[in-house]
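Peer 1: Start from the sequences, fold in the hints, and give me the full structure.
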Amino acid sequence: MSTELLVSIGIPVLLIIVGKVLGSNIERRHYESIAAREARFRDQPAFSTKHSNTSRPVRSASLATGSVVVSVDHFKRFVSGFRMIFGGEVRSYSSLIDRGRREAVLRMKESQPNAHAYLNTRLETSTISSTSGNEGIGTIEVLAYGTAVHYDRAP
Amino acid sequence: MILTNIDSVPGRQIVQHFGLVQGSTIRAKHFGRDFAAGLKNIVGGELKGYTELLQESRAEATSRMVAQARELGANAVINVRFTTSSVAQGASEILSYGTAVLVE
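Just so you know, the sequences run in chain order A and B. Using our numbering, the first residue of the first sequence is number 13, and each one after it goes up by one. Using our numbering, the first residue of the second sequence is number 5, and each one after it goes up by one.
Careful, some of the hints might be misleading.
Straight-line C-alpha distance at most 25 Å; calculated SDA-like pairs for lysine to any residue [claimed, not checked]:
hint : chain 1 : residue 1 : chain 2 : residue 2
1    : B       : Lys-44    : B       : Gln-59
2    : A       : Lys-32    : B       : Glu-50
3    : B       : Lys-44    : A       : Ser-20
4    : B       : Lys-44    : A       : Lys-62
5    : B       : Lys-33    : A       : Thr-137
6    : A       : Lys-62    : B       : Asn-83
7    : A       : Lys-32    : A       : Met-96
8    : A       : Lys-32    : A       : Phe-53
9    : B       : Lys-44    : A       : Ile-38
Calculated directly from the structure, the hints in this document are not laboratory data.
Peer 2: Structural data, given as structure tokens:
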């Protein structure tokens, strides 16, 4: 009986601890990488408008896309379960969405790294479901796409 | 073939419109990828298998749209949009659509 109890409680607890330790480490490194890459693209802005604020002639334009699938760790999934009881902001999922969106925009820029600007940037989020039940909860795909434009002269 | 998601091709003049073109594909994940993703789910972070799967399907949908535009004699597709909808558990449809045009 005690071994059964140990297994049925021990494994989920172990997974939550592993999720907490490795998950927060992965998240921290991801944020470091995002910050470094965002700094590199600071002079190549992504606009959500169809026109940028310059009248410089455009040399070429093409579609740029970037996407990523990210998931939360077991610890955050566990914590958010409590939040669902009391209601309110689910902070543990906010960082997931934030990471996904910023990563997708960065990948869009990296797909056309020499463009001067990215016009009409659109973000689309969709949830990923699992074939075997609700295992995929907390997994999202973010797609960022826009029109990468190269101007005639470098700024 | 030039693709943009704004209503013009910057720096070029549109001479002819051909109307809506679209391409779509429905993909299911396979068991192996689902299993690997299940393991990765414990620690969180990027699920590369799924990222690649969705990128491949989006490329497929886009190439079908481009093929349709080429058939009409267009050399650009403007106002391109992507949408994703889930058809069934574990399968999703990716649609890409836009307006086929001829530019100078």
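Peer 1: Work down the list of hints and note, for each, if the structure agrees.
Peer 2: These are the hints, each one checked on the structure:
With a C-alpha separation of about 19 Å, the suggested pairing of Lys-44/B with Gln-59/B holds against the 25 Å cut-off. With a C-alpha separation of about 16 Å, the suggested pair Lys-32/A and Glu-50/B falls inside the 25 Å cut-off, and the hint holds. Distance restraint check for Lys-44/B and Ser-20/A: the Cα-Cα separation of roughly 21 Å lies within the 25 Å cut-off, and the hinted pair is therefore satisfied. Of the supplied pair hints, the one linking Lys-44/B and Lys-62/A is violated, its CA atoms being roughly 38 Å apart against a limit of 25 Å.
For the given pair, Lys-33/B sits about 18 Å from Thr-137/A by alpha-carbon distance, which is consistent with the 25 Å threshold. Between Lys-62/A and Asn-83/B, the direct Cα distance comes to roughly 10 Å. Compliance with the 25 Å bound is thereby established for this hinted pair. For a cut-off of 25 Å, the pair hint linking Lys-32/A to Met-96/A stands: about 19 Å separates their Cα positions. For the proposed pair Lys-32/A and Phe-53/A, the alpha carbon gap of about 31 Å is over 25 Å, so the pair is violated.
For the proposed pair Lys-44/B and Ile-38/A, the alpha carbon gap of about 11 Å is at most 25 Å, so the pair holds.
Going down the numbered hints, you'll see the structure goes against 4, 8, while the others check out.
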